[in-house]
Each structure stands twice: as structure tokens, then as C-alpha cells.
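Chains P and B supply the protein sequences, listed in that same order.
The numbers in numbering that gives the first Met the number 0 rise by one with no breaks, and the one at position 15 of the first sequence is 14.
The numbers in numbering that gives the first Met the number 0 rise by one with no breaks, and the one at position 175 of the second sequence is 174.
No wet-lab data here; the hints were simulated from the structure.
Please note: incorrect hints may appear among the correct ones.
Below, computed lysine to any residue pairings styled on SDA-like, alpha-carbon distance capped at 25 Å [unchecked claim]: (1) B:Lys113 - P:Asp40; (2) B:Lys62 - P:Phe70; (3) P:Lys53 - P:Asn19; (4) P:Lys94 - B:Gly157; (5) B:Lys156 - B:Pro134; (6) B:Lys62 - P:Val29; (7) P:Lys90 - B:Asp135; (8) P:Lys90 - B:Met161; (9) P:Lys53 - B:Leu184; (10) P:Lys91 - B:Leu182; (11) B:Lys159 - B:Ser178.
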Amino acid sequence: MLFFFGCSPVYMQMKTTTGNILDLAKFKPVFNVALYKTEVDVVGNHLSGLLLIKKMPDSSTRMVFSNEMGFTFFDFGFMADGNFKVYSVIKKMNKKAVLKTLRNDFELILMEHLDTAAVSIRINKGLIYYVFPETKGYNYYITDTTGDNLVSMERASKRKTVVQAIMKNYIKGTPDTIGISHKTFNFTIGLKRIER
Amino acid sequence: MRRMFIALLGMILGISLNAQYTGYSPVPDTAKFKTAFSAATKKIVSIKSDFVQEKNLSLLSEKIISKGRFWFKRESLVRMEYIQPFQYLMILNKDKIFIKDGQKENKISARSNKLFQQINRIMIDCMQGTAFNNPDFKARIFENKTNSLIELTPLTKGLKEMFKSINVIVDSRDFSVISIEMLELSNDNTLIRFTNKEMNAEIPDSLFIIR
Numbered sequence: 000m001l002f003f004f005g006c007s008p009v010y011m012q013m014k015t016t017t018g019n020i021l022d023l024a025k026f027k028p029v030f031n032v033a034l035y036k037t038e039v040d041v042v043g044n045h046l047s048g049l050l051l052i053k054k055m056p057d058s059s060t061r062m063v064f065s066n067e068m069g070f071t072f073f074d075f076g077f078m079a080d081g082n083f084k085v086y087s088v089i090k091k092m093n094k095k096a097v098l099k100t101l102r103n104d105f106e107l108i109l110m111e112h113l114d115t116a117a118v119s120i121r122i123n124k125g126l127i128y129y130v131f132p133e134t135k136g137y138n139y140y141i142t143d144t145t146g147d148n149l150v151s152m153e154r155a156s157k158r159k160t161v162v163q164a165i166m167k168n169y170i171k172g173t174p175d176t177i178g179i180s181h182k183t184f185n186f187t188i189g190l191k192r193i194e195r
Numbered sequence: 000m001r002r003m004f005i006a007l008l009g010m011i012l013g014i015s016l017n018a019q020y021t022g023y024s025p026v027p028d029t030a031k032f033k034t035a036f037s038a039a040t041k042k043i044v045s046i047k048s049d050f051v052q053e054k055n056l057s058l059l060s061e062k063i064i065s066k067g068r069f070w071f072k073r074e075s076l077v078r079m080e081y082i083q084p085f086q087y088l089m090i091l092n093k094d095k096i097f098i099k100d101g102q103k104e105n106k107i108s109a110r111s112n113k114l115f116q117q118i119n120r121i122m123i124d125c126m127q128g129t130a131f132n133n134p135d136f137k138a139r140i141f142e143n144k145t146n147s148l149i150e151l152t153p154l155t156k157g158l159k160e161m162f163k164s165i166n167v168i169v170d171s172r173d174f175s176v177i178s179i180e181m182l183e184l185s186n187d188n189t190l191i192r193f194t195n196k197e198m199n200a201e202i203p204d205s206l207f208i209i210r
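With the rest of the complex left out, here is chain B (with noise of 0.2 Å):
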């Protein structure tokens, strides 16, 4: 009775599991998987593209929709331009980041902030494709017939208190970011799509000067 009790909820589990994701099943080789990644996103120097940002305030009903402008260059380095319905400029430079919010200047050094040099580090391991490396989560990955999505989920205390997962979407022809979700531990959820896209395309340095 125990023994079937226990294939019983194996098997719940395992719907769920599988289920989490609707469309979307587990990478049977996460290793495969994870080389070819490795290798196809070594190729992209460089990413600029717009962005639909969606907050979704579930018990509200309500979202909240902002636009703007990205840019991605190797090594470790982004901008994001918010244009629509604020302006708001973030620019990750390494270690460094610089914040524009209207008149007011803000630089922040990542490294004396870990909670936020967790959260840039996301970003560029998105798009570096180094999100596997990152010792602050745990990854699971599924598909579907034309995307790939990455499930990180975090394994720190700071970030664990903050995110339930962050999940990645890469289209799996050329492994290139379409989505990041942040699914918050209050199932409010932030989706920022990237729309677009010009792979390696020639980005000035200039756009990243922090100064």
C-alpha cells in the first residue's frame, strides 16, 4: 500500500513537473544541450533590440507595459533605454552600473552591492550565454518544437527572497534570448520580450561609458 502510494505521487510529481510549462517538455540531454548553447552563443558579439516589458500584478489585474531600447556587447556589458511611458536609463559596464532616473545620476559599483551584482549578472549571462555557470542558481531546461526555456532557479538567499525562478527563453535555432520572465514569490511575474533583434550588429563602446 506504502510502495503504491508512493508511485502514485511519483507519478503526480512527475505530471506536474512536466506539466509546468504547457508545450514544453524536459531536454532529455541537458548536457548536449548545454554544449551546443555554449557554442552557438560564443558567436554573438553583439545584441541590439527593442523590448516590451510586461509587470503582471496578478491579485490586481493589472499590468503595467513599458518599451524601450537594448543594447549587449561582449564582455559584460548592456544598456536598456526605457522610452515608453518613462524614460530610464540602466547601463551595466562590468562591475559597474549607472542609472539616469529623469535629472538624477546614479552610479552603483556591483561589486559593493551583491544583491544587485547578482541581478546584472543575470542579465549578461542571458545574453553571453554563461547563464549554466552561474553558481547562484539552479537550471533546468525543457522545449518545445521551437524554443528552448531555462529555468533558473536560485539557490541564495539574498536572490531566493526576491525571485521564485527566472526563466529564459532562446529560440533554438540560434539560441538567442527572446524572453526573460521574473516570477516573484507573490506570483506577480515580469516578462520583457525582446523584439527586433540585429545579431552583432557594429554597437559603439561609447554606449556603455560610465562616467
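Bound conformation, chain P alone (with noise of 0.2 Å):
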């Protein structure tokens, strides 16, 4: 029974507590016009580039990655409407399984289209979990007891953490720091913000 309890997933463990969703809505990331250093390792291989993210007048965020010497890998666009636009990618990423894990990804740091009305608030450990339902699992952002810090944001299925996000150093909104780590194979996203 111990040996039951002390390896159950933590998303087992959370009580339910009250609180406040605008504790969790400050935190949704200002992206008027961002430029981040990029460091992608997949399977054993590192790629480097520059991600431009953009606000635009239609309310959508445009994404594009490109290279160092300016060539482009992909160009997505996260709609106003929660849809997802591909404008280019090259062939070797064009692939729906390498599509949706991007645009996964993306949308747990957007928060961009959040359904306050469906949110849970959970407790455990001193953590506070807001947990949105999601097609396919949930997706956890993680403060601290006070709300002043988001601690996590994680993409899970009822036991299994799949994707673990951070965004941190805001300034004026803006993330400084930006990271993505799959649990589940060898996939990281690193992102430090460049001053221009």
C-alpha cells in the first residue's frame, strides 16, 4: 500500500482547494514582437535558430524559426479563433505527427485560448494547479501558494506529465526565459529572449 502510494503520479494526489483564476491570468505572456535565441535538441540532434513571435492586427501570433544565416524553418500563425496555420515549413518538419507536437507545445505557453469556465483548482505539496480539460488529457499550470510564481506549465494524461513548460524573468509581460522539455522522448526547446 505504501509502495502503491508513494509512487503514485502527483495529478493522483492533488485535493481539491479554491482560488483565484486571475492569480494564473497574469501570467499569460505579452508577445507584441519577441526575438529568441533558440536551441532545439531532438533525438540527438541540436539545431539553432532565431524564433520571431508577433501580435498581429488580426489577434493571431505569428511564429517563424529560422536559422542564424536567415532561412526559414517554419512560419505558423495561432489564430484568434484557436485555429493553427501552417505559412510554410520545410519538408523534412512537414510531417502531422512533428506539426501538432509544435502547435501542443506552443499553445500551453500562449494560454492563449484557456476555458476558465471548465478550470479545477487542485493542491498539492504547497503547489496550486489550475487544470484545464483538454481533448486529449489536461493541461496543468503550476504557481506557488502565494500565486506570485508560475512554477510549471505541463501537458499530462490523468498519471503521466508529457510536456513540462516554464516561462520566466518577465519584463513588462515578456518571458525572458522560455522552456519545453518532452517527458515521454528526447525533445527540448530553449528560448532566451534577444534584445534588438
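Two chains, two frames, a set of hints: combine them into the complex.
So, in C-alpha cells, the structure goes:
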């Protein structure tokens, strides 16, 4: 019994609590226009470049990833209505699974379409979990109990973390550092803001 | 009527071809140009310069500007060091590529990566005047009073998927490279302009060593 409890996933140990969704809303990143030095490690391969994130006049968010010499790997649009548009993508990345993974990863950090009506708020080991049900699994936004710090963001099934992400050092609402780490295979994305 | 239509179409195409690069007209004697280009660039042993790279994201109305230092030395040695707003080093040494990105160092064999080899070769071809020998591209040449524009259109599948064309502007006096512009299929483009050029300056081999 002890063994079972000790190994049970954190999502199973959470208890319902009360909280204020506004504590979470303040961590929604502001990307008027921001440029990030980007490092991607995927199953033993290292890729670096620049990621430009820009809020467009139609309220969509564009993300363009290019290498240092300027060649574009992808240009994605996260539309205001929740749709996702691929403006361009190199052939090697133009695979359904790759596009879906990148879309989910970036939607997790954009925090654009959080269904506040469906959120449940839980607590475990001094952390507050804002739980948003998704089509498959859940998105968890985790803060400390004071609500002053966004500890991490996670995409998970009922038991298992699939992706863990962080956003740190906000300057005027724009995070300086963003990290995305997959737990089921070796895939990490690291973003560090560049002052232009 | 049909002949008239074909003639009209030809005229329109001819006009659009000539008007493709504002201020430039097609070089009338390309063979003569190639001979002069080859002879002049053979005299270039090394180039040391600064560069400014401007990536234009047309639909986003955004520009990403980066700056750095550039070195070229015969045969087939290139070092590009990005200094602002990020640090990034790339060394091309014949068929080897070295990349230092922050703390991470990466060695790539161009032989094992054909596309990288082709891109690697563009840069070297532009500098050492062998662009017309490259079978991966079809070349067209235009000129104005001071410069020549060499338009390189990819012929191979991999490059065709990446670039519409690569345009190299050279100084008509010494055929040294003024700028290289890479036009992508999305209509975005990246322009690398070389400034403060020192031709045939002493450049130590150590700058190109890949350990």
C-alpha cells in the first residue's frame, strides 16, 4: 500500500481547493513582438536559430523560426479563433506528428484559449494546480500558494506528464526565458530573449 | 490573331524579364563577362570584411538584423562570426563545417549532408568566383553602371524547395562581392551586405581550423 502511494503520480494526489483564476491570468505572456535565440535538441540532433513571435493586427500570433543565416524552418499562425495555420514549413518538418507536437507545445505557453469555465483548481505539496481539460488529457498551470510565481506548465494524461514547460523573468509581460521539455522522448526547446 | 497574341505575350515576358531587377539590364555578352569575372576573382586570395545581415519577413513587416565579421581564404575557407544581437560562429573548411552556438560546438561533414554541402558551396563559389561552374544552379547576369547582379536559380530538388533564387551583387570594377541575397519561396528574403572589405589581407590559417 505504501509502495503504491509513494509511486502514485502527483496528479492523483491533488486535492480540490479554492483559488482565483486571475492569479494565473497575469502569467499569460505578452508577445507584441519578441525575438528569441532558440536551441532545439531532438533525439540526439541539435538545432539552433531565431524564433520571432509577433501579435498580428487580426489578434493571431505568428511564430517564425529561422536559422542564424536567415533560412526559415517554419512560419506558424495561432489564430484568434483557436485555429492553427501553417504558412510555411520545410519538407523535413512537414509531418503531421511534428506539426501537432509543435502546435500543442506552443499553445501551452501562449495560454490563449484557457477555458476558465472548465478549470478546476487543486493543491498538492504547496503548489496550486489550475487544471484545464483538453481533448486528450489536461493542461496544468502550476503556481506557488502565494500565486506570485508560475512554477511550471504541464501537458499530461491523468497519470503521466507528457510535456513540462517554464516561463521566467517577465519584463513588461514578456518572458525572458522559456523552456519546453518532453518527458516521453528526447525533445527540448530553449528560448532566450534577444534585445534588438 | 494567334501570332499577335504570342508576340504580345513575348513582349510582356520580355519587359517583365528586363524589369525584374530595377536599374539592371541583362549583360549582352555573358561569355565575355564570365571570362572577366573568372580572371578577376582568381586574383582574390583572401577577403576580410564586416557584414550586416537583414532578414525581411514580408508578411510580418519585420526585419531581423544581425552583424558580424567575415573571412574568406583560398581554397574553400570561410569563417562567419555573428556578433550582434547574438553570438554564433560558423567555419567552412573545404568539406567540413564547424558551428559554435553559445557553449555548444557542432562538427558537420558536408559530405554526409548534401544540402549543407550545396549551401556551403554557394558561399565559397561567390567568393572565389566559381559560381558559374556550379551545376546546382542556372545563372543569369544583369548589370548597371557600377555593379553586376548574378542570379542563381536552383536546379536541384533540395535547393528548389528552399530558395527561389540567390542573387549575388558584385562590384563591376574588381568583381568582389557586395551582397548575397537569398530569396525564399515564401517571398521572405535574407540579404547579407559586406562592408569594410580588405582584399588579399593577411589572414592566418588558424582562423579556419576545425578541431
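Okay, the hints, checked on the actual structure:
1. B:Lys113 - P:Asp40: holds (21 Å)
2. B:Lys62 - P:Phe70: holds (13 Å)
3. P:Lys53 - P:Asn19: violated (29 Å)
4. P:Lys94 - B:Gly157: Holds - the C-alpha atoms of glycine 157 of chain B and lysine 94 of chain P are around 17 Å apart, at most 25 Å.
5. B:Lys156 - B:Pro134: With a Cα-Cα distance of about 13 Å, the restraint between lysine 156 of chain B and proline 134 of chain B holds, given a limit of 25 Å.
6. B:Lys62 - P:Val29: holds (20 Å)
7. P:Lys90 - B:Asp135: Between lysine 90 of chain P and aspartate 135 of chain B the Cα gap is close to 19 Å, so the pair holds against 25 Å.
8. P:Lys90 - B:Met161: Roughly 9 Å between the alpha carbons, so the hint for lysine 90 of chain P and methionine 161 of chain B holds.
9. P:Lys53 - B:Leu184: holds (21 Å)
10. P:Lys91 - B:Leu182: This hinted pair holds, its Cα atoms lying about 19 Å apart.
11. B:Lys159 - B:Ser178: holds (21 Å)
Going down the numbered hints, you'll see the structure goes against just number 3.
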